[in-house]
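Taking the hints into account, I'd like the entire structure generated from these sequences.
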Amino acid sequence: MLYKLSMRFIADLHIHSSYSRATSKDMVPEALWKWAQIKGITVAGTGDFTHPAWLTELNEKTEPTGDGLLRLKREFEADDIPASCRADVFFVLSSEISTIYSKNGRTRKVHSVIFVPQISDALKLNLALSKIGNLNADGRPILGLDAKELLRIVLDACPQALFVPAHVWTPHFSVLGAVSGFDSLEECFEDLTPRIRAIETGLSSDPAMNWRLSALDRLTLVSNSDAHSPAKMGREANILDADISYESIKKAIETGDGFLGTIEFFPEEGKYHYDGHRACGVNLAPGETIKNDYLCPACGKKVTVGVLHRVEKLADRAHGFKPDGAKPFHSLIPLPEIIAETHGTGVASKKVEREYLKLIYELGNEFRILMDAPLPDIERAGSPLIREAISRVRDGKVNIVPGFDGEYGKIRIFEVEERKQIKGQTMLF
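In my numbering, the protein residues as written are 11 to 439.
Rather than coming from a laboratory, the hints here were simulated on the basis of the structure.
Treat the hints loosely; a few may be bogus.
Said to hold, decoys possible - Straight line, CA to CA, 35 Å or less: simulated DSBU-like cross-link-like pairs of lysine-lysine:
# : residue 1 : residue 2
1 : K242      : K312
2 : K260      : K360
3 : K242      : K323
4 : K35       : K360
5 : K119      : K35
6 : K119      : K134
7 : K311      : K260
8 : K261      : K301
9 : K281      : K430
Structure follows, in structure tokens:
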């Protein structure tokens, strides 16, 4: 079935496969197909097409749709998808590449996400890249190659490719990161900078932070989960109103026409939002870092400068500035984390799993529950506490201890006594 009419859908375009380091063995096409439906994702990236074994698996388990996307072959489709979540899922060939090189007297470590429409395009690009580095070692290969040269190689191999700098503010591995990045896209990509039409904001920043740099105004700000396990899919994503085809998705991202906005982490929850030193448990706001001369007050070693600090350093606009035509975004907390908060327990608990399954079986996919389901329906399927928690998340009424130096932020929707009080009121009726 080919979709030719424009429709609203959610796309999570940057994930990883089981062939990447530190990823779940469940990151296989069947599981990605299943969890995309549970989450409410229509188009998912395949991740890791540069890995020969993963590309072979994709070729065996998926088939082309005829419009630059892939779909899972029917013999691999599971029959245990909740009826409330069942929907078509499509894949776009994607891969993240790490480039490590020296430029302008510094070591640079830049990650980029690449999209191509056909397996033949992936094979052609892989052939070129295999002459530079070992593609079998990791689903996200590390190449000793200038990011500008990577862009040139990608476009030579596949002129229809889309090249997006990944999680651009991450301190250690990004184009604008504090530790190994550049102060501008132009410094990195030079004369090829106009070929960069979008950037990925990453978990530790949101569009509002990026709006503070006028140099980014011409770019589409995309968000993706960078998931290493199926349940993490959709923690960030994009909302589009376009044909479900490679060319339409590429056009929406490159021009903004048909790109409706993004679904975001609260950036404070990202693991590099604040500055700090994880070994000492030191978590610092940018001003505190400056006051301490960028040194850990506990041990005297250099702290890791986080995303907020880096944005502040490069920004040429005040906090709160919003450019004309800026796309809206929705800050959400994943549903399992919300449920865990209401129970005062860990996300991995059986209680959370049972509640999560009950909600999606009754109300539909996770994005529908978080963004669209009527609050009375959420209370009926869950509890008054879950209703109140989701209402607060929708309104942005949450408290978060910011993440720092590789540690995720800690979210609090309710105070302990407040949660007990709401539970107590519920038991009276």
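Structure-based check of each hint:
1. Taking the CA atoms of K242 and K312, the gap is near 31 Å; set against the 35 Å cutoff, the hint holds.
2. Between K260 and K360 the CA atoms are separated by roughly 40 Å; this puts the pair beyond 35 Å, and the hint is violated.
3. As the CA atoms of K242 and K323 are separated by approximately 31 Å, the hinted pair is consistent with the 35 Å bound.
4. For the hint linking K35 to K360, the alpha-carbon distance of about 21 Å falls within 35 Å, and the restraint holds.
5. Proposed proximity of K119 and K35 is supported: the alpha carbons are some 27 Å apart, at most 35 Å.
6. A hinted pair counts as satisfied when its Cα atoms are at most 35 Å apart, and K119 with K134 qualifies at roughly 25 Å.
7. Restraint check for K311 and K260: not satisfied, since their Cα atoms lie roughly 44 Å apart, outside the 35 Å limit.
8. Of the supplied pair hints, the one linking K261 and K301 is violated, its CA atoms being roughly 45 Å apart against a limit of 35 Å.
9. For the proposed pair K281 and K430, the alpha carbon gap of about 29 Å is at most 35 Å, so the pair holds.
Hints 2, 7, 8 from the earlier list are contradicted by this structure; the remaining hints agree with it.
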